[in-house]
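Q: Residue strings, one per chain:
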Amino acid sequence: MKRFIKGLTGAVATAALATTGAVQAQEDDTITFGLLQDFTAVYTFLTNEYNQGQQDYLTLINQEGGIDGHTFEAIVRDHGNEPQRGLEAYNRAREEGAVLMDFLSTPVSRAVVPRVLEDEVVLITPLHGRGDASDGETFPYVFPMMATYWSQAAVLANYIEEHEGGLEGKRIAHVYIDSPFGREPVPILEELAERKGFELETFAYPSPGNEQSSTWSEVRRFRPDFVTIWGAGGGQPVSVQTAIRNGISPDQILSVVWMAETDARQIGEQAAEGLKRFEAVATGTDHPIIQRIQDKVIDEGLGAGDAENVGTTYYNIGVATMAVSVEAARLALEEYGAPLTGEKLRDGFHMIEDYDAEGMMPPLTFSEEDHQGGGYGRVSEWNGEEWEPVTDWFAAYQDIVWEEIEESAAGFREGN
Amino acid sequence: MTFTYFLELLINGALTGLMYSLVALGIVLIYKSAGVPNLAQGAMVMLAAYLAWMFTTMMGIPLYVSIALSVVAMFLFGLLAERVLLRRMVGQPIIMIVMLTLGLEIFLRGLAPGVLGSSPKSLELGIGLAPLIVGDIFINRAYLVGAIVALVLIGLSLLFFRTHLGTKLRAVSDDHISSWSVGISVERAIGISWGLAGISAVAAGVLWGSVQGVDWTLSSLLFPAIAVVILGGLDSIWGVLVGGLIVGILGSVIPGVLDPIVGGGTRNVVTSLVILLTILVRPHGIFGREDIERV
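These protein sequences, in sequence, are chains W and F.
Numbers 1 to 416, taken from the numbering used here, label the letters of the first sequence in order.
Numbers 1001 to 1295, taken from the numbering used here, label the letters of the second sequence in order.
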């Protein structure tokens, strides 16, 4: 709440300055990012920690002198997961000189895509938004930046193939929230089922997922060897708890990226032991960037939120998104000099090669064609206390993933 | 569909429906005395769960003491809501009073997560996760406990309306002016009904919160609860019981058949149809009085 009020206050102050003409787009040394997110509606299970990580990383860079004297400023506003409010927030942030936006909301990001393509502003959509935006030729200013849900499903399937005795002949249940997000990985899993010879069955539960008992009755009767769960927020622990109550062991369950420490504690720290998830960014505080944030931001009283959040799953994802974005800005400024524009920043992203945020994430490489960064991730397991990686970073079945990306991107091109 | 699978859907649907009844009970308690359909009941359930979590986790108070404190706090909240909001609306059109409760719902849904944090909170009641499978029929332990609590609260509510105070509340529900004329404090009666709705919100919030975690989505339980009270009758405690069972069973068995065919979750469609068909066919519900004025 304190962070939220602080963010809103900062945003109001920035808006006031904008009306007096004090802020001119990137004419001074400040680089502005618009972190316009959903603090009050659907994505509340992660927004606070995610946004806190983003702000703390930008503060760290500023504390360390910025990039050749260029410091960063975050415009933080709530759009409540409403596309119209998101567009309004986008327009204001644009007027205030923001060259990069992050809406952390699929509906809002989808609504804004045509605008950013027209306005030449960079839109990052890590772990949300359009998976087909990985096609940089169709979406030159949109960067999913991390593994799409298609790539996540591919990584989880590959984990079963490599580490759990192969896919052939297995029975895999895909249990998902009944929404486009929940259904998104189905084509990839279906294609893999055909190629690898496993039996796939899909089971939907209604949003928001607080009651799933009849769904899991069906799942139990399917007698799956493994279950992939595709939900977010409160529905995730309900899925795992109901699975356990139906006699399905946590070590048979593999989750989409939205499974955090809070979810494991909700399930029960011991009860959740063996549960696996896709991991896009390392969790914990034992990373150089997080250590520096602790020393130079948190300990100095400059943190954007509760210090206890530092190192959590969603906090670290937020940090990583800004680490990649700042790296893109650094490369762009090195190549083209100030002022930083959306076009230069886009090219900066294209120059990123094997960047891993000092070991916090898989090495990302972007190009004009690939805005996903390779589709890397790893599998981690809840060991009763924390998430422990059980694989190295890897990408899987990207040929199948890119078939899906290209088909969907072609649909976008036809419709626009 | 095998018979055992049907039976499993039936039993768990009934248990789930009784869990919905816990939310619906608060709506009926207020309607029975104040004549107002309280659309803030979902948010009151959420608020009650947040309070129980706050007492337990933030203040370190033992769980069952926390629940007792939440009961007191929510009773006081109910009294306060009546005193500060509802009493000012005396004489106003019913639609504005309904809108007021909707406004309260939205306000609480923003306030509690805003102050206490929006990430899901854990509320552990100690109900084990070990499978409870009788024959080949799975029974959800958490819902079994919730259903027992719901039956107890429904029973207590039925008894309450036979007491002296309960009779006064029924009189107030029938006619405010006549109640005033015979010396019944209508304001106090309505305040008490809001307080009782607050208590039932604690039961619903704690039980649902233990199942799904405590966050804003608890307020979305208003939707199935509305189906329960419309089907059962807005002013009937028996309706809460029967409506809950029917909504729960239909919401379990029909999706069990249809979901594999249509490839999606149909439970919310079933719940919506219950609301629509009841209003079209029997607007006062199964046990509701026909003279209920609907908005």
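Worth flagging that the hints you see were computed from the coordinates, not collected in a lab.
Misleading hints may appear alongside valid ones.
[As the list claims (entries may be wrong)] Computed footprint of chain F on chain W; a stretch qualifies when at least three of its residues, placed anywhere within it, have a C-beta under 8 Å from a C-beta of chain F:
| id | segment |
| --- | --- |
| 1 | 36-47 |
| 2 | 91-104 |
| 3 | 206-212 |
| 4 | 236-243 |
[Stated by the list, open to error] Far from chain W, by Cβ distances over 10 Å, these chain F residues were calculated:
| id | residue |
| --- | --- |
| 5 | MET1019 |
| 6 | PRO1062 |
| 7 | VAL1065 |
| 8 | GLY1114 |
| 9 | PHE1160 |
| 10 | LEU1280 |
[Stated by the list, open to error] Reference excerpt, derived from the structure (chain F facing chain W, CB under 8 Å, subset only):
| id | residue |
| --- | --- |
| 11 | LEU1009 |
| 12 | PRO1131 |
| 13 | GLY1135 |
| 14 | ARG1141 |
| 15 | SER1157 |
We treat Cβ as the ideally placed atom computed from N, Cα and C, and that holds for glycine.
Q: Tell me, which hint numbers fail for this structure?
A: 2, 5, 8, 13, 15
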